[in-house]
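There are 2 protein chains.
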Amino acid sequence: MAVIGASRTPGKIGHEILRNIINFGFKGNIYPVNPHVDEVLGLRCFPSMREVPDQVDLAIISVPSRAVARVVDECGASGVKAVAVISSGFREIGQADLEKEVVRRARRYGMRLLGPNIFGLVYTPSKLNASFGPLHVHPGKVAFITQSGAIGISLMSWTILEHVGLSAVVSVGNKADVDDADLLEFFADDPNSSVILIYMEGLTSGRRFMEAALKATAKKPVITIKAGRTKRGSMAAASHTGSMAGSDEVYRAAFRQTGVLLASSVEEAFDWAEALVADFELRGENLLIITNGGGAGVLAADASELLGLRLMGMSPNLRKKFRALMPYYGSVENPVDLTATADGDDYYGAIHAAMGSDEVDAVIAIYCQTPYTDPTLIASRMIKAMEGLRAEVRKPLVICGIGGVEVEKALRMLEEAGIPAFPTPERAVMAMAALFKYYEYREEVMRKTSEN
Amino acid sequence: MAVIGASRTPGKIGHEILRNIINFGFKGNIYPVNPHVDEVLGLRCFPSMREVPDQVDLAIISVPSRAVARVVDECGASGVKAVAVISSGFREIGQADLEKEVVRRARRYGMRLLGPNIFGLVYTPSKLNASFGPLHVHPGKVAFITQSGAIGISLMSWTILEHVGLSAVVSVGNKADVDDADLLEFFADDPNSSVILIYMEGLTSGRRFMEAALKATAKKPVITIKAGRTKRGSMAAASHTGSMAGSDEVYRAAFRQTGVLLASSVEEAFDWAEALVADFELRGENLLIITNGGGAGVLAADASELLGLRLMGMSPNLRKKFRALMPYYGSVENPVDLTATADGDDYYGAIHAAMGSDEVDAVIAIYCQTPYTDPTLIASRMIKAMEGLRAEVRKPLVICGIGGVEVEKALRMLEEAGIPAFPTPERAVMAMAALFKYYEYREEVMRKTSEN
Numbered sequence: 001m002a003v004i005g006a007s008r009t010p011g012k013i014g015h016e017i018l019r020n021i022i023n024f025g026f027k028g029n030i031y032p033v034n035p036h037v038d039e040v041l042g043l044r045c046f047p048s049m050r051e052v053p054d055q056v057d058l059a060i061i062s063v064p065s066r067a068v069a070r071v072v073d074e075c076g077a078s079g080v081k082a083v084a085v086i087s088s089g090f091r092e093i094g095q096a097d098l099e100k101e102v103v104r105r106a107r108r109y110g111m112r113l114l115g116p117n118i119f120g121l122v123y124t125p126s127k128l129n130a131s132f133g134p135l136h137v138h139p140g141k142v143a144f145i146t147q148s149g150a151i152g153i154s155l156m157s158w159t160i161l162e163h164v165g166l167s168a169v170v171s172v173g174n175k176a177d178v179d180d181a182d183l184l185e186f187f188a189d190d191p192n193s194s195v196i197l198i199y200m201e202g203l204t205s206g207r208r209f210m211e212a213a214l215k216a217t218a219k220k221p222v223i224t225i226k227a228g229r230t231k232r233g234s235m236a237a238a239s240h241t242g243s244m245a246g247s248d249e250v251y252r253a254a255f256r257q258t259g260v261l262l263a264s265s266v267e268e269a270f271d272w273a274e275a276l277v278a279d280f281e282l283r284g285e286n287l288l289i290i291t292n293g294g295g296a297g298v299l300a301a302d303a304s305e306l307l308g309l310r311l312m313g314m315s316p317n318l319r320k321k322f323r324a325l326m327p328y329y330g331s332v333e334n335p336v337d338l339t340a341t342a343d344g345d346d347y348y349g350a351i352h353a354a355m356g357s358d359e360v361d362a363v364i365a366i367y368c369q370t371p372y373t374d375p376t377l378i379a380s381r382m383i384k385a386m387e388g389l390r391a392e393v394r395k396p397l398v399i400c401g402i403g404g405v406e407v408e409k410a411l412r413m414l415e416e417a418g419i420p421a422f423p424t425p426e427r428a429v430m431a432m433a434a435l436f437k438y439y440e441y442r443e444e445v446m447r448k449t450s451e452n
Numbered sequence: 453m454a455v456i457g458a459s460r461t462p463g464k465i466g467h468e469i470l471r472n473i474i475n476f477g478f479k480g481n482i483y484p485v486n487p488h489v490d491e492v493l494g495l496r497c498f499p500s501m502r503e504v505p506d507q508v509d510l511a512i513i514s515v516p517s518r519a520v521a522r523v524v525d526e527c528g529a530s531g532v533k534a535v536a537v538i539s540s541g542f543r544e545i546g547q548a549d550l551e552k553e554v555v556r557r558a559r560r561y562g563m564r565l566l567g568p569n570i571f572g573l574v575y576t577p578s579k580l581n582a583s584f585g586p587l588h589v590h591p592g593k594v595a596f597i598t599q600s601g602a603i604g605i606s607l608m609s610w611t612i613l614e615h616v617g618l619s620a621v622v623s624v625g626n627k628a629d630v631d632d633a634d635l636l637e638f639f640a641d642d643p644n645s646s647v648i649l650i651y652m653e654g655l656t657s658g659r660r661f662m663e664a665a666l667k668a669t670a671k672k673p674v675i676t677i678k679a680g681r682t683k684r685g686s687m688a689a690a691s692h693t694g695s696m697a698g699s700d701e702v703y704r705a706a707f708r709q710t711g712v713l714l715a716s717s718v719e720e721a722f723d724w725a726e727a728l729v730a731d732f733e734l735r736g737e738n739l740l741i742i743t744n745g746g747g748a749g750v751l752a753a754d755a756s757e758l759l760g761l762r763l764m765g766m767s768p769n770l771r772k773k774f775r776a777l778m779p780y781y782g783s784v785e786n787p788v789d790l791t792a793t794a795d796g797d798d799y800y801g802a803i804h805a806a807m808g809s810d811e812v813d814a815v816i817a818i819y820c821q822t823p824y825t826d827p828t829l830i831a832s833r834m835i836k837a838m839e840g841l842r843a844e845v846r847k848p849l850v851i852c853g854i855g856g857v858e859v860e861k862a863l864r865m866l867e868e869a870g871i872p873a874f875p876t877p878e879r880a881v882m883a884m885a886a887l888f889k890y891y892e893y894r895e896e897v898m899r900k901t902s903e904n
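So the protein lines, in turn, are chains A and B.
Counting from 1, one number per residue, gives the positions in the first sequence under this note's numbering.
Counting from 453, one number per residue, gives the positions in the second sequence under this note's numbering.
Any given hint could turn out to be false.
Partner residues aside, some chain B positions facing chain A, computed with beta carbon under 8 angstroms [what the hints assert, rightly or not]:
1. Glu468
2. Ile603
3. Leu607
4. Ala748
5. Gly760
6. Leu763
7. Gly765
8. Ser767
9. Tyr781
10. Gly782
Derived by calculation from the structure, the hints in this document are not laboratory data.
Model, not experiment: these values are computed from the prediction.
Think of the CB as a built atom: it goes at the ideal place given N, C-alpha and C, for glycine as much as any other residue.
Could you put together the complete structure from these sequences and hints?
Structure representation (structure tokens):
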């Protein structure tokens with residue numbers, strides 16, 4: 001790959017991107033291009049694309065906007081397959097003609113163009129971080145597509161803090177050529193991505209997006225954060241990216257029809273992604289809640305009912321299994337209350353009993369920090385229980401852990417073991433509800449398909 | 453104060469509570485009571501309350517349930533003013549008569565009784581932590597009342613993790629005598645508490661609660677988490693604390709009439725508390741949003757409109773002030789977009805311009821982490837700006853900081869300076885909306901009062 005506009009000056013975009021590419025460990029050849037220097041960050045620098053002695057797949061372009069068209073020509077003439085135009089100064093500041101001209105030239109050579117006005121792209125399976133965002137993105141299976149630059153970069157940093165694993169980050173910017181529909185097609189077939197999460201202000205072609213979304217959601221979940229859903233929000237979006245945010249009703253209908261999950265907040269979108277990226281299959285609607293604190297069970301039961309999740313009834317057989325794991329004042333109703341004395345072995349037993357039962361389709365296990373029990377020990381027993389079951393059981397388990405710094409550590413352990421874990425009952429239930437919503441949609445689609 | 457049932461055995465409740473009282477730094481005299489030992493945790497231990505050579509204000513009782521009535525008698529005979537009964541084994545397991553008898557005896561001596569079935573109480577202004585919850589509660593001005601034990605203790609730990617400052621934690625348990633209404637009366641007049649936050653499953657007397665709530669909300673905000681709002685939730689609550697959770701409609705109406713803010717989740721309740729505990733006064737409805745990222749501004753504008761907050765129009769004078777703080781491609785509409793290059797001085801200037809203007813009543817300032825700017829430096833300039841203004845300006849400022857570990861640190865700095873700060877635009881707007889809701893309620897009450 002090539003970085004055109006590579007710079008020796010720290011802080012300059014053409015420097016930061018090249019540094020991220022090198023430091024994130026990209027294994028292919030990297031060719032900095034800049035006519036004024038011989039070397040950048042220890043790499044030999046070439047005066048122009050024409051001098052680069054190799055076939056380049058992707059050229060990152062970070063030069064002033066007025067020079068982009070010429071650089072695109074050089075890339076085309078040198079056989080580059082795709083370009084990502086970091087540079088701003090196009091349609092977002094009224095220079096729509098300049099932008100059209102750049103796209104026209106790229107197409108003349110059969111090159112796809114990402115951008116302009118983007119902060120770059122990341123693809124962790126190739127150890128590629130060609131962005132001027134943060135370096136140490138966590139590898140994982142969530143593909144994150146963002147129309148906004150500042151929120152995209154800041155959310156990249158946030159995913160590091162929150163240990164969200166990403167397969168890709170793609171800044172789409174002005175979407176002059178490559179748009180959400182193209183990326184949906186790509187990530188739908190990408191085995192390294194299990195969930196696609198899109199921050200979107202507006203779409204250029206609603207119909208193309210819907211076609212691509214329909215195909216993508218048949219394979220994996222697609223989550224959107226749609227900004228500009230209100231009058232004031234869409235006014236702000238128009239002045240920000242020049243997007244026509246469009247009617248909220250139209251977007252909602254389009255998302256519903258195509259199985260795209262519309263999140264109501266940034267936090268919800270990433271919570272949903274955490275639950276949906278886990279290696280689960282939902283086969284029925286029998287939800288069981290297990291808790292060590294009655295109050296937390298009540299809150300989870302409330303949240304479940306409000307989100308349309310049905311708490312299953314308890315058979316004599318299930319009651320008997322749980323009764324053996326609790327003192328006499330526990331409860332074998334749903335939510336099952338193991339009581340505050342429940343330790344790692346009790347949680348181990350409860351998760352085995354629930355996940356191993358044919359009656360149960362999905363489990364939310366809640367742990368409230370108590371003075372008698374050790375959160376990280378309980379987490380490790382939960383993980384052990386799941387490891388024992390994983391070969392045969394892929395039904396969803398979502399954990400809620402309420403407490404302090406030790407609980408935070410326990411939640412991290414669970415997340416690292418591929419078990420979604422949240423700090424409040426409501427967030428755990430909302431994440432489970434997203435799982436139900438997606439699998440119900442997909443089942444409905446499969447049913448219709450098999451009927452036709 | 454006395455701890456009856458004080459124990460030398462770590463892990464036992466009578467040991468843990470005494471240890472917390474000592475280690476949290478209570479300055480009054482502490483009298484452990486236990487007939488079987490002479491000394492506990494370095495303190496002389498007395499065989500019974502009768503031998504304690506001092507006037508005791510509060511006795512913590514942690515003895516088996518069948519011994520509680522006798523111990524209450526001893527306390528009464530010794531002139532104790534109030535008792536907190538930690539012991540369980542009363543109405544929650546069907547022993548309602550035993551509970552009534554205990555209350556009857558306490559009343560005979562004119563003592564108030566907290567509990568039974570509680571994890572204790574905390575009052576940070578007196579350096580009192582008489583609970584078997586976590587020790588190092590952050591002192592602050594939120595009074596937290598909880599009916600549930602496990603969720604109460606685990607949320608205490610959570611407040612430490614989240615740096616929520618507490619004036620008090622009161623576990624009310626079975627509410628055999630002291631109930632939410634009594635505590636509302638106390639904390640309404642407590643100068644050390646600015647916000648009252650209640651986790652509630654059911655009420656014994658709705659009318660008394662409403663009378664107390666009406667008086668309390670005229671003085672300070674009251675936030676509730678009401679568990680058991682749905683059919684399944686109230687069934688779970690009945691089996692948990694034996695509470696009749698009651699109709700959600702009735703509670704909603706009661707809360708609305710009395711100005712009690714009903715949170716829809718644990719997270720929301722504590723976010724609201726963070727905003728409402730700050731030293732602000734809201735005088736009008738002109739809300740201004742300032743951002744360095746267009747997308748985050750759009751999300752905040754959406755959330756504002758959805759929650760009924762009106763983004764103010766921009767006067768020529770305000771536009772001029774902000775224009776001077778941004779590059780040409782910034783926006784002086786509301787949300788004001790300082791653009792991604794905005795540094796500490798720009799935020800300082802923007803907060804001064806907004807908070808210092810008579811046209812603006814409330815400000816949400818958003819910072820998206822960028823590669824060009826330092827989150828903690830920006831936080832310190834924001835704090836400086838507010839310090840300069842605080843003497844004369846008490847209008848609300850809420851911060852949203854989106855990003856990684858540096859932003860998390862910046863948010864902590866802001867919170868420690870008394871400025872509410874949140875990690876997503878939606879949470880910042882929701883917190884501001886709670887402020888608007890409370891002040892609108894209070895203004896309406898004042899208007900009605902002055903009319904009569």
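Query raised in the report: Is the hint on B/Glu468 kept, meaning its closest Cβ partner in chain A is under 8 angstroms away?
Result: Result: holds, 6 angstroms to nearest chain A Cβ.
Query raised in the report: Against chain A, is B/Leu763 within 8 angstroms by beta-carbon distance?
Result: 5 angstroms, holds
Query raised in the report: Against chain A, with CB atoms and a cut of 8 angstroms, does the hint on B/Gly782 hold up?
Result: 10 angstroms, violated
Query raised in the report: Minimum Cβ distance from B/Gly765 to chain A below 8 angstroms?
Result: 11 angstroms, violated
Report task. Report holds or violated for the interface hint on B/Tyr781, using the least CB-CB distance to chain A and a cut-off of 8 angstroms. Result -> 6 angstroms, holds
**Report entry** Interface restraint verdict for B/Ile603 against chain A (beta-carbon cut-off 8 angstroms)
**Finding:** This hint holds: B/Ile603 lies near chain A, its Cβ roughly 4 angstroms from the closest one there, short of 8 angstroms.
Requested in this report: Closer than 8 angstroms between Cβ atoms is the bar; does B/Leu607 clear it against chain A? Give me holds or violated.
Outcome: 7 angstroms, holds
Query raised in the report: Can the hint on B/Gly760 be confirmed by a CB-to-CB distance to chain A that is less than 8 angstroms?
Result: 11 angstroms, violated
Requested in this report: For the hint on B/Ser767, just tell me whether its beta-carbon gets within less than 8 angstroms of chain A.
Outcome: 17 angstroms, violated
Query raised in the report: With a cut-off of 8 angstroms, does the beta carbon of B/Ala748 approach a beta carbon of chain A closely enough for the hint to hold?
Result: 5 angstroms, holds
Violated hints, in rising order: 5, 7, 8 and 10; the structure is consistent with all others.
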